[in-house]
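S.K.: 542 is the number that our numbering gives to position 380 of the sequence shown; each next residue is one higher, with no gaps.
Among the hints, a few may not be true.
[Stated by the list, open to error] Okay, derived cross-link-like pairs now, BS3-like style, lysine-lysine, Cα gap no bigger than 25 angstroms in a straight line:
1. Lys455 x Lys404
2. Lys523 x Lys513
3. Lys513 x Lys284
4. Lys284 x Lys357
5. Lys325 x Lys404
6. Lys284 x Lys250
7. Lys250 x Lys359
8. Lys513 x Lys325
9. Lys397 x Lys357
10. Lys284 x Lys382
11. Lys455 x Lys503
12. Lys523 x Lys325
13. Lys399 x Lys385
14. Lys404 x Lys382
15. Lys503 x Lys513
16. Lys385 x Lys397
17. Lys482 x Lys523
18. Lys482 x Lys284
19. Lys523 x Lys503
20. Lys482 x Lys455
21. Lys404 x Lys385
22. Lys399 x Lys382
23. Lys397 x Lys359
24. Lys357 x Lys399
25. Lys382 x Lys397
[What the hints assert, rightly or not] Ranges of calculated distance between the beta carbons of each label pair, as one might list FRET restraints:
26. Arg191 x Ser488: 50 to 60 angstroms
27. Arg212 x Asn329: 39 to 49 angstroms
28. Asp520 x Glu336: 26 to 36 angstroms
Hints were generated in silico from the structure; no laboratory data involved.
In this text, a Cβ means the ideal position worked out from N, Cα and C, and glycines have one as well.
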Amino acid sequence: MHELNSHPVLPESDADALDHRIECDALRRVAPWVPTSEIRLLCRVWTRSRRETTAPSQEVVLGRTRTFVGLMTHRESRALEFMQNVFKEIGSQVNRFLCERDQPDEESLLTVFLKLDINSHKIMSWDGTIGCALFLGGSVFNHACAPDHRIAYYFDGGHFVIKAMENLEVNSPEDINISYVPSTLPRELRRIQLKEKYFFDCACRRCLGQEVVVSEASEKLVKEAQQLRARPDTKQKLIEIKEFLASPSIASLANNDYTKLVVTVGLFGLYGTLEMPVDAVRIGEQLTRTYRKMDIAAVDHLYLICQMFTAALNAGWFDKRNPNHSRFLRLLNQAHADSQKIFGPGHYHSKLIASIYDLAKQQLLSGKKAMQLYGLASALRNYALWLPVYMSVANCQWELDAFESVIQKKYSLILQQAHT
Numbered sequence: 163m164h165e166l167n168s169h170p171v172l173p174e175s176d177a178d179a180l181d182h183r184i185e186c187d188a189l190r191r192v193a194p195w196v197p198t199s200e201i202r203l204l205c206r207v208w209t210r211s212r213r214e215t216t217a218p219s220q221e222v223v224l225g226r227t228r229t230f231v232g233l234m235t236h237r238e239s240r241a242l243e244f245m246q247n248v249f250k251e252i253g254s255q256v257n258r259f260l261c262e263r264d265q266p267d268e269e270s271l272l273t274v275f276l277k278l279d280i281n282s283h284k285i286m287s288w289d290g291t292i293g294c295a296l297f298l299g300g301s302v303f304n305h306a307c308a309p310d311h312r313i314a315y316y317f318d319g320g321h322f323v324i325k326a327m328e329n330l331e332v333n334s335p336e337d338i339n340i341s342y343v344p345s346t347l348p349r350e351l352r353r354i355q356l357k358e359k360y361f362f363d364c365a366c367r368r369c370l371g372q373e374v375v376v377s378e379a380s381e382k383l384v385k386e387a388q389q390l391r392a393r394p395d396t397k398q399k400l401i402e403i404k405e406f407l408a409s410p411s412i413a414s415l416a417n418n419d420y421t422k423l424v425v426t427v428g429l430f431g432l433y434g435t436l437e438m439p440v441d442a443v444r445i446g447e448q449l450t451r452t453y454r455k456m457d458i459a460a461v462d463h464l465y466l467i468c469q470m471f472t473a474a475l476n477a478g479w480f481d482k483r484n485p486n487h488s489r490f491l492r493l494l495n496q497a498h499a500d501s502q503k504i505f506g507p508g509h510y511h512s513k514l515i516a517s518i519y520d521l522a523k524q525q526l527l528s529g530k531k532a533m534q535l536y537g538l539a540s541a542l543r544n545y546a547l548w549l550p551v552y553m554s555v556a557n558c559q560w561e562l563d564a565f566e567s568v569i570q571k572k573y574s575l576i577l578q579q580a581h582t
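Using the sequences plus the hints, can you model the full thing?
M.R.: Have a look at this one:
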């Protein structure tokens with residue numbers, strides 16, 4: 163298997179210390195306000211690109227050179243109202259965050275924003291969206307709604323990784339497709355989003371062939387579902403979602419109906435928020451069956467399995483005396499096998515699952531030990547993501563290495579204690 167690693171813009175260099183200082187100074191100046199990750203990324207790209215007048219960042223992927231200067235904006239396709247809103251809403255936040263000498267003029271602001279709007283990626287993990295970044299190499303690939311099961315793509319620290327799951331002959335970026343929109347959207351919504359944001363009419367096999375996500379709910383039900391999802395996560399919301407899903411008009415819909423699906427996903431997350439892990443696993447198993455029929459990407463299915471696995475840990479299913487212990491072992495075995503296949507043994511997530519897997523095999527696993535491991539893995543992941551993606555701290559690499567060393571020592575201590 164082969165991996166294509168795309169580094170976050172902009173590559174690590176001696177200039178990173180200056181970037182780090184600019185952003186940290188800005189955060190201290192505007193505290194306690196913290197701008198969104200999108201605003202911080204825009205400011206970061208702007209301040210770096212402004213200095214790269216003679217040697218701009220670039221990345222070569224399969225013979226194709228990508229630079230920030232060469233990225234498209236599709237300005238001619240944008241509505242005037244949209245661009246005016248960029249100046250008003252985005253511009254005000256950028257100018258609040260950056261000191262006056264670093265603030266972009268309107269033309270530069272618009273150019274950077276439009277390029278990021280089309281080419282940036284959400285940073286995803288098994289527990290949701292945790293940031294955003296611009297990968298010059300990752301932005302070279304075209305879109306297809308249907309997942310290409312020959313590859314897996316995911317984020318690992320400050321890298322966007324595309325991994326071949328079988329032997330492939332790849333001669334150019336056009337031989338590989340990724341999805342720009344969630345695969346759980348129905349055809350109509352996918353095509354609307356692709357047209358509005360990326361300015362093309364999708365003609366992939368999923369859009370032209372049989373649809374795997376249907377949309378048969380009435381407009382009234384769709385609106386009611388949207389209102390439900392927007393409410394705060396409370397027990398009252400839980401009652402209303404369960405009543406909504408049990409109503410004849412929703413219960414009669416197929417499980418892959420978009421409206422029914424998104425409310426079910428919301429119920430799954432709500433059970434986790436309200437610390438009802440047994441119910442979370444039950445709904446997760448229902449979603450797993452639906453996702454298999456929908457042919458979603460393998461990494462998305464793995465993320466769901468890991469969320470279910472976490473819920474099973476919280477429910478105490480790791481205890482061999484628990485009547486659901488066999489279900490816990492099935493989830494653990496699947497999470498272990500899939501993470502090794504998709505991420506590989508060196509990924510922080512694979513290491514975490516492998517540690518828990520080994521303890522469970524030796525019947526040494528406890529809920530406390532498992533959750534300690536999860537906490538350490540999350541700390542390492544967040545630290546490894548926030549520094550390289552948002553700060554590109556080449557000059558502070560020793561800090562990341564030192565932190566990772568501490569984490570590894572704590573890992574070893576937990577595992578050692580488990581064997582005593």
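S.K.: Against this structure, judge whether each hint is valid.
M.R.: Checked hints:
1. Lys455 x Lys404: Roughly 23 angstroms separates the two Cα atoms, so the pair holds.
2. Lys523 x Lys513: This hinted pair holds, its Cα atoms lying about 15 angstroms apart.
3. Lys513 x Lys284: Judged against 25 angstroms, a Cα distance of about 23 angstroms means the pair holds.
4. Lys284 x Lys357: 19 angstroms, holds
5. Lys325 x Lys404: 39 angstroms, violated
6. Lys284 x Lys250: It holds: about 24 angstroms lies between the C-alpha atoms, which stays within 25 angstroms.
7. Lys250 x Lys359: 20 angstroms, holds
8. Lys513 x Lys325: 18 angstroms, holds
9. Lys397 x Lys357: 38 angstroms, violated
10. Lys284 x Lys382: 31 angstroms, violated
11. Lys455 x Lys503: 21 angstroms, holds
12. Lys523 x Lys325: Distance ~29 angstroms between Lys523 and Lys325 Cα, so the pair is violated.
13. Lys399 x Lys385: With Cα atoms ~16 angstroms apart, Lys399 and Lys385 stay inside 25 angstroms; holds.
14. Lys404 x Lys382: 18 angstroms, holds
15. Lys503 x Lys513: 12 angstroms, holds
16. Lys385 x Lys397: 21 angstroms, holds
17. Lys482 x Lys523: 11 angstroms, holds
18. Lys482 x Lys284: 39 angstroms, violated
19. Lys523 x Lys503: 20 angstroms, holds
20. Lys482 x Lys455: This hinted pair is violated, its Cα atoms lying about 32 angstroms apart.
21. Lys404 x Lys385: 16 angstroms, holds
22. Lys399 x Lys382: 19 angstroms, holds
23. Lys397 x Lys359: 36 angstroms, violated
24. Lys357 x Lys399: Violated. Lys357 to Lys399 sits at ~34 angstroms, over the 25 angstroms cutoff.
25. Lys382 x Lys397: 24 angstroms, holds
26. Arg191 x Ser488: 50 to 60 angstroms: 56 angstroms, holds
27. Arg212 x Asn329: 39 to 49 angstroms: Once the Cβ atoms are compared, 44 angstroms apart, the range 39 to 49 angstroms for Asn329 and Arg212 holds.
28. Asp520 x Glu336: 26 to 36 angstroms: 42 angstroms, violated
Violated hints, listed in ascending order, are 5, 9, 10, 12, 18, 20, 23, 24 and 28; each of the other numbered hints is respected by the structure.
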